[in-house]
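Following the hints, complete the assembly by docking chain S onto the known chain D.
Number of protein chains: 2
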Amino acid sequence: MSTLAWIAVDWGTSSLRIWGLDKDANTVFEATSNEGMASIACAADFETTLLSHIETCLTATDPVTVVCCGMVGAKQGWHDAGYQSLPINPLARQQVVRVPATDSRLQVWVVPGLCQRQPADVMRGEETQIAGVLAQMANQQAFSGMVCLPGTHSKWALCDAGEVTQFATFMTGEMFALLAKQSVLRFSVADSDWDAEIFKAAVKEAFAQPASISNLLFSVRATDVLGQAAGAFGKARLSGLLIGLELAGVLVLSEINQVHLVGGSELAELYQQACDALLIDTQVHSGETCVLAGLKAAYKQIVS
Amino acid sequence: MSTLAWIAVDWGTSSLRIWGLDKDANTVFEATSNEGMASIACAADFETTLLSHIETCLTATDPVTVVCCGMVGAKQGWHDAGYQSLPINPLARQQVVRVPATDSRLQVWVVPGLCQRQPADVMRGEETQIAGVLAQMANQQAFSGMVCLPGTHSKWALCDAGEVTQFATFMTGEMFALLAKQSVLRFSVADSDWDAEIFKAAVKEAFAQPASISNLLFSVRATDVLGQAAGAFGKARLSGLLIGLELAGVLVLSEINQVHLVGGSELAELYQQACDALLIDTQVHSGETCVLAGLKAAYKQIVS
Numbered sequence: 001m002s003t004l005a006w007i008a009v010d011w012g013t014s015s016l017r018i019w020g021l022d023k024d025a026n027t028v029f030e031a032t033s034n035e036g037m038a039s040i041a042c043a044a045d046f047e048t049t050l051l052s053h054i055e056t057c058l059t060a061t062d063p064v065t066v067v068c069c070g071m072v073g074a075k076q077g078w079h080d081a082g083y084q085s086l087p088i089n090p091l092a093r094q095q096v097v098r099v100p101a102t103d104s105r106l107q108v109w110v111v112p113g114l115c116q117r118q119p120a121d122v123m124r125g126e127e128t129q130i131a132g133v134l135a136q137m138a139n140q141q142a143f144s145g146m147v148c149l150p151g152t153h154s155k156w157a158l159c160d161a162g163e164v165t166q167f168a169t170f171m172t173g174e175m176f177a178l179l180a181k182q183s184v185l186r187f188s189v190a191d192s193d194w195d196a197e198i199f200k201a202a203v204k205e206a207f208a209q210p211a212s213i214s215n216l217l218f219s220v221r222a223t224d225v226l227g228q229a230a231g232a233f234g235k236a237r238l239s240g241l242l243i244g245l246e247l248a249g250v251l252v253l254s255e256i257n258q259v260h261l262v263g264g265s266e267l268a269e270l271y272q273q274a275c276d277a278l279l280i281d282t283q284v285h286s287g288e289t290c291v292l293a294g295l296k297a298a299y300k301q302i303v304s
Numbered sequence: 001m002s003t004l005a006w007i008a009v010d011w012g013t014s015s016l017r018i019w020g021l022d023k024d025a026n027t028v029f030e031a032t033s034n035e036g037m038a039s040i041a042c043a044a045d046f047e048t049t050l051l052s053h054i055e056t057c058l059t060a061t062d063p064v065t066v067v068c069c070g071m072v073g074a075k076q077g078w079h080d081a082g083y084q085s086l087p088i089n090p091l092a093r094q095q096v097v098r099v100p101a102t103d104s105r106l107q108v109w110v111v112p113g114l115c116q117r118q119p120a121d122v123m124r125g126e127e128t129q130i131a132g133v134l135a136q137m138a139n140q141q142a143f144s145g146m147v148c149l150p151g152t153h154s155k156w157a158l159c160d161a162g163e164v165t166q167f168a169t170f171m172t173g174e175m176f177a178l179l180a181k182q183s184v185l186r187f188s189v190a191d192s193d194w195d196a197e198i199f200k201a202a203v204k205e206a207f208a209q210p211a212s213i214s215n216l217l218f219s220v221r222a223t224d225v226l227g228q229a230a231g232a233f234g235k236a237r238l239s240g241l242l243i244g245l246e247l248a249g250v251l252v253l254s255e256i257n258q259v260h261l262v263g264g265s266e267l268a269e270l271y272q273q274a275c276d277a278l279l280i281d282t283q284v285h286s287g288e289t290c291v292l293a294g295l296k297a298a299y300k301q302i303v304s
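Top to bottom, those sequences are chains D and S.
Numbered by the numbering used here, the letters in the first sequence go through residues 1 to 304 in order.
Numbered by the numbering used here, the letters in the second sequence go through residues 1 to 304 in order.
Hints were generated in silico from the structure; no laboratory data involved.
Everything numeric in this text was worked out from a predicted model, so none of it was measured.
Built from N, CA and C at the ideal position, the CB exists for glycine as well.
Hints are supplied without guarantee of correctness; some may be wrong.
[Said to hold, decoys possible] No farther apart than 25 Å at their CA atoms in a straight line, the calculated lysine to any residue pairs in the SDA-like style are these:
| # | chain 1 | residue 1 | chain 2 | residue 2 |
| --- | --- | --- | --- | --- |
| 1 | D | 75 | S | 192 |
| 2 | S | 204 | D | 208 |
| 3 | D | 200 | S | 253 |
| 4 | D | 300 | D | 162 |
| 5 | D | 75 | D | 117 |
| 6 | D | 181 | S | 15 |
| 7 | D | 300 | D | 65 |
| 8 | D | 181 | S | 14 |
| 9 | S | 181 | S | 75 |
| 10 | D | 296 | D | 163 |
| 11 | D | 200 | S | 252 |
| 12 | D | 204 | D | 160 |
| 13 | D | 200 | S | 117 |
| 14 | S | 75 | D | 225 |
| 15 | D | 300 | D | 160 |
| 16 | D | 300 | D | 117 |
[What the hints assert, rightly or not] If you want a taste of the chain S side facing chain D, the calculated C-beta under 8 Å gives, among others:
| # | residue |
| --- | --- |
| 17 | 37 |
| 18 | 40 |
| 19 | 168 |
| 20 | 175 |
| 21 | 184 |
| 22 | 191 |
| 23 | 208 |
| 24 | 211 |
| 25 | 212 |
| 26 | 213 |
| 27 | 215 |
| 28 | 226 |
| 29 | 245 |
| 30 | 256 |
| 31 | 267 |
| 32 | 270 |
Extracted from the complex, chain D is given alone in its bound form:
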């Protein structure tokens, strides 16, 4: 077994992933937990939680460097790492922030988020995945294109010459969850089957007619009430309408012919299908590979 050199941590709202890495960034150990920020009572508990997963690997003499990204660096997280402004190359200029850990065996750093002043927008955690996407490019300094990071709040980042120049957050995932579980649509969405064709048709419909979205959403219910829903495909239709709306919104930001999609989730697969339906080419990058590559870039800056 190779020797632990440093620890990479992706600490989001609802989950925690830890990788112990050797000097060549090969994985020595790995841990996954649902101890996300939302389940942690106070700032001090972040350190205790982290220690519970890595304590057996620590030595008294040689402090280990821990590089974290995600909501752990939010105001309500372990330590406020702030935001860096655009334009930025998140691969080269992540100004990691030192976290005041109490255990002397730890040297903890957090990657800051990104912010955009006009129009106002913020991200935290996704900047590390974007850095990871850039790290995988043959010519990182010259990379221009659109990166999509699906999630509860999906992010679309426009890159130009290796820098993030603009980005936008869409509340699609959160809107889906609220509408599917708590609105009048829940009667037509709960336990409904999935149909890829219904999904794609809904993507195209909302993309073509985004202004009508709050009417199209009600149609999920009305179609069902009038017995016109061929099978119970409310979920596919609701999901397709909201993702189609998002893609129409992205088009306002920039033309999109090709998207670098950070994948690995069920949701990312839906985004890929939605792009397919709209004839947008997708190049899928593994989410895990991206976050690790981004954290590795941050680690390099710390030790260099």
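The following block gives chain S in isolation, referenced to the frame of chain D:
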């Protein structure tokens, strides 16, 4: 005190309004309660609830006619009154449905809803208010125009030559409630002040850029996180964005220069302000007058 001739009832999801009327439709008594459909356990309880409000006015010898509109006529209400198809003149052709009441002192009728097959849409209760709007027109048979009925699910009905030819439901109110109370926006909306200018600016912004709505919604939070929110006006901005989006959607349905707005609620006032911001002329009709005029038209058909 004049003699009770018949009883008008507006029975919605969350409220119940009862008017005892004489032969000239003057109010003999009036009752308001929060015993809406949502608070009633089973179909039989509708009759008990109604009786609790009107029993003292009933006589053993002479059954009274009760004309109801609203969710009371839904499948999950007192008695399923079904839907009538478009095009329809809801003032002249409301095919009221007899409800099998057990108390012989009651003759209860319910006004059916309206349905549209393509695109699928339904309304229940609002058709009676639309009939009321028509009843107030100098030339009902020739009336053409757009009627707007704000609510949790707002309805826009396009009338032509005295008939409803098309309508659309928008989930604006329900989306506002979910986003304001349960999404990440709640931190920037709760206890926020109201500012009419912020509201109007947001109406215009979403109206001009409806495709970006799920990004604009997130901006309510991002502006606040970045300390750019001048005062805490998240509520006005959220409300304005969603109503502006709705108006953009109405524009897909039809050009709108003038709107007949069924008013009397705080929400209706916001719709009026939103129309003002977009230079759409509004003519406001009292909601109570409309529902009573609509129920009166239904009563006329029963007794004629």
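Hints versus structure:
1. D:75 / S:192: holds, 21 Å
2. S:204 / D:208: holds, 21 Å
3. D:200 / S:253: holds, 23 Å
4. D:300 / D:162: holds, 18 Å
5. D:75 / D:117: holds, 18 Å
6. D:181 / S:15: Holds. Residue 181 (chain D) to residue 15 (chain S) sits at ~24 Å (cutoff 25 Å).
7. D:300 / D:65: Holds, because 11 Å separates the two Cα atoms, which is no more than 25 Å.
8. D:181 / S:14: Judged against 25 Å, a Cα distance of about 20 Å means the pair holds.
9. S:181 / S:75: violated, 29 Å
10. D:296 / D:163: Satisfied, since the Cα-Cα distance of roughly 18 Å is no more than 25 Å.
11. D:200 / S:252: holds, 22 Å
12. D:204 / D:160: violated, 28 Å
13. D:200 / S:117: At roughly 22 Å apart (the allowed maximum being 25 Å), residue 117 (chain S) and residue 200 (chain D) satisfy the hint.
14. S:75 / D:225: holds, 10 Å
15. D:300 / D:160: Holds. Residue 300 (chain D) to residue 160 (chain D) sits at ~23 Å (cutoff 25 Å).
16. D:300 / D:117: violated, 29 Å
17. 37: Result: violated, 13 Å to nearest chain D Cβ.
18. 40: violated, 18 Å
19. 168: holds, 5 Å
20. 175: Because about 6 Å separates residue 175 (chain S) from the closest Cβ in chain D, which is inside the 8 Å limit, the hint holds.
21. 184: holds, 7 Å
22. 191: violated, 18 Å
23. 208: violated, 10 Å
24. 211: holds, 4 Å
25. 212: holds, 4 Å
26. 213: holds, 7 Å
27. 215: The hint holds - residue 215 (chain S) has a Cβ within 8 Å of chain D, the shortest such distance being about 5 Å.
28. 226: Status holds, d = 5 Å.
29. 245: holds, 6 Å
30. 256: violated, 13 Å
31. 267: violated, 14 Å
32. 270: violated, 15 Å
The structure is inconsistent with the numbered hints 9, 12, 16, 17, 18, 22, 23, 30, 31 and 32, although it conforms to all the rest.
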